[in-house]
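One line per chain: the protein sequences are F and X, in this order. My numbering puts the first residue of the first sequence at 1, with every later residue one more than the last. My numbering puts the first residue of the second sequence at 1001, with every later residue one more than the last.
Check the hints yourself; a few may be wrong.
In the BS3-like style, the derived pairs of lysine-lysine whose C-alpha atoms are separated by at most 27 Å in a straight line are [claimed, not checked]:
1) Lys155(F) with Lys70(F)
2) Lys155(F) with Lys1050(X)
3) Lys1229(X) with Lys255(F)
4) Lys1050(X) with Lys1229(X)
In case anyone wonders, no lab produced these hints; they're calculated from the structure.
The lines below spell out each chain.
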Amino acid sequence: MANKQKDEVQFGEQLTSRGQFLRSALTSGPGIFWVVFFLLVPLVSIAVISFLSRGMYGEIQRPFTLENFKRFIGFGLFGYDPLYPLIVLRSLVLGAATTILCVLGGLPLAFFIGAMPVRFKNMALTLVLIPFWTNLLIRTYAWQILLAPENPLAKLLVLLHLSSPGEPLYPSAFAIYIGMVCDYLPFLVMPLYASVEKIDWSIAEAAMDLGADGWRVFWHAVLPQVVPGLVAGIILVFIPAMGQFVIPDLLGGAKTVMLGNAIQQQFLQSRDWPFGSAITFLAMTLVMLSLWLYARSAGEKGGDIL
Amino acid sequence: MRRLTLPLWLISGFLYAFMYAPIVVVIVFSFNSARHGGPWMGFTTEWYAKLLDSPDKITATNNTVILAVVSTIVSTVLGTMLGYGMSRYRFPGKRMFSWLMYIPVVIPDIVMAVAMLSFYALLRDWLGLFQLGMTTMIIAHITFQIPFVAIVVRSRMVGMDPAIEEAAHDLGASTWQTFWNVTFPLMIPGVLAGAMLAITLSLDDFVVSFFTTGPGATTLPILIYSSVKRGITPDINALSTLIVLASVAGVIGATLLQRPHRQAGGG
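Isolated chain F, as found in the complex:
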């Protein structure tokens, strides 16, 4: 269809498809080349390495094998051990729970900022932007101080019978969850707030005039309008949360190894790159799969992420 009509007037210029291609190559070319060479090719090579074997000194060598994937599923040297399937499950649960908690916190916060009088709105928004742009590493290790048994927060939790005196708050799964939600909440609030600002409130008023109660108005007339922001926020939280390695590394212990930690271990400590690549390859597939499932169930509303 496009081939028949070769010339086209665009922005006041007439260009042949050859001209189009030439200008694309001159403008988009270098960027595309860079991203393909330094990102796409490396990702593909990870997939290839995952079918190779580890040499004596940690080098990557032939033969091609499925051994890495067998080991991942749990068939190792010492009989069946579901270590890695459990890690995948744990990471999925962590990603999903973090996302849900961030949505539960992000909704009131985004509506709060939206409802602020104009004079204070920018300040309320800037107050979310500051943690958003503050280094995640700093915000994470700070919880080690906050949760230390000698500091007030831990004492308060003991006082409220939310934790027992002898049991340390960190390292623990609890600490990981606290750190995750604290770090990712701003990532959900920002895109969600952008949607809240665009809400057409006359629809909500119409629903109220027609006799809907508060919850119904929210559920049927308000929430559907913020779906684009919610979808963007969920993607911005779930994916990095699932692959996180810093937060579990700093706030968790040996019992809370996540996908990110497993990948880091294979690449930097065990130096088993083929097995590490297999984990990475599967993590990548998992992300793509959950994105695809999510896009399908969300009715493909997440078109443009930024």
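We have chain F; now place chain X onto it with these hints.
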């Protein structure tokens, strides 16, 4: 929903406190005179004074700044060209490349990090180049920044009125003149927004730097990570406090900078 009810105030207040608790605690404990962290022992500023004569922290700061500035300049140029080309011209495989741009957005950074680490190792075996260090880290940062810049620039281009450029052509301007005198000035807010995103992504990044750096090329996040792994010390809190203050200044500066452009750039 549109009103500020008491429960909404309480919930939001709690969430703000929750987000700021770690930031506040780092600042407070940077003035704690206890040598090995632990409970509060009294006020001191000696950790800040100590920062000035610790060469490793000064080197890490320099490296972080060099990395952020160099990678942002390169990625802003390439990303702007990419975003412009993508929004204006057709070429075979364009759909596929549009998907490609979303890879750094949708993939966990550790996946990107190990992919680049292995790719550098392969290139090193074949070519002897790409020794891990400052250069490999800069290349890695440019790689994840380009798509973000391109996405921002392209989304701003979509909202531009084609009639302005058509008018320029009708009045006899050449393609080059139209671009530099009409299109590019209109693109500036988008380009600045893209560059700002790129520089913050670089300053914030720990994972990709950690995997693609080599001996001697330590950045501030890497320095903080390795110190914290050995145990939190007050001088790390002091360093982090300065980083937090720099981010606060950056956010406020960026907000003020964007103000006059509010009418020009939509969204």
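Tested hints:
Restraint check for Lys155(F) and Lys70(F): the C-alpha separation of about 47 Å exceeds 27 Å, so the hint is violated. Between Lys155(F) and Lys1050(X) the alpha-carbon distance is near 32 Å, which puts this suggested pair outside the 27 Å criterion. Using a Cα cut-off of 27 Å, the hinted pair Lys1229(X) and Lys255(F) holds, with the two alpha carbons roughly 17 Å apart. For the hint pairing Lys1050(X) with Lys1229(X), the CA-to-CA distance comes to about 20 Å; that is within 27 Å, so the pair holds.
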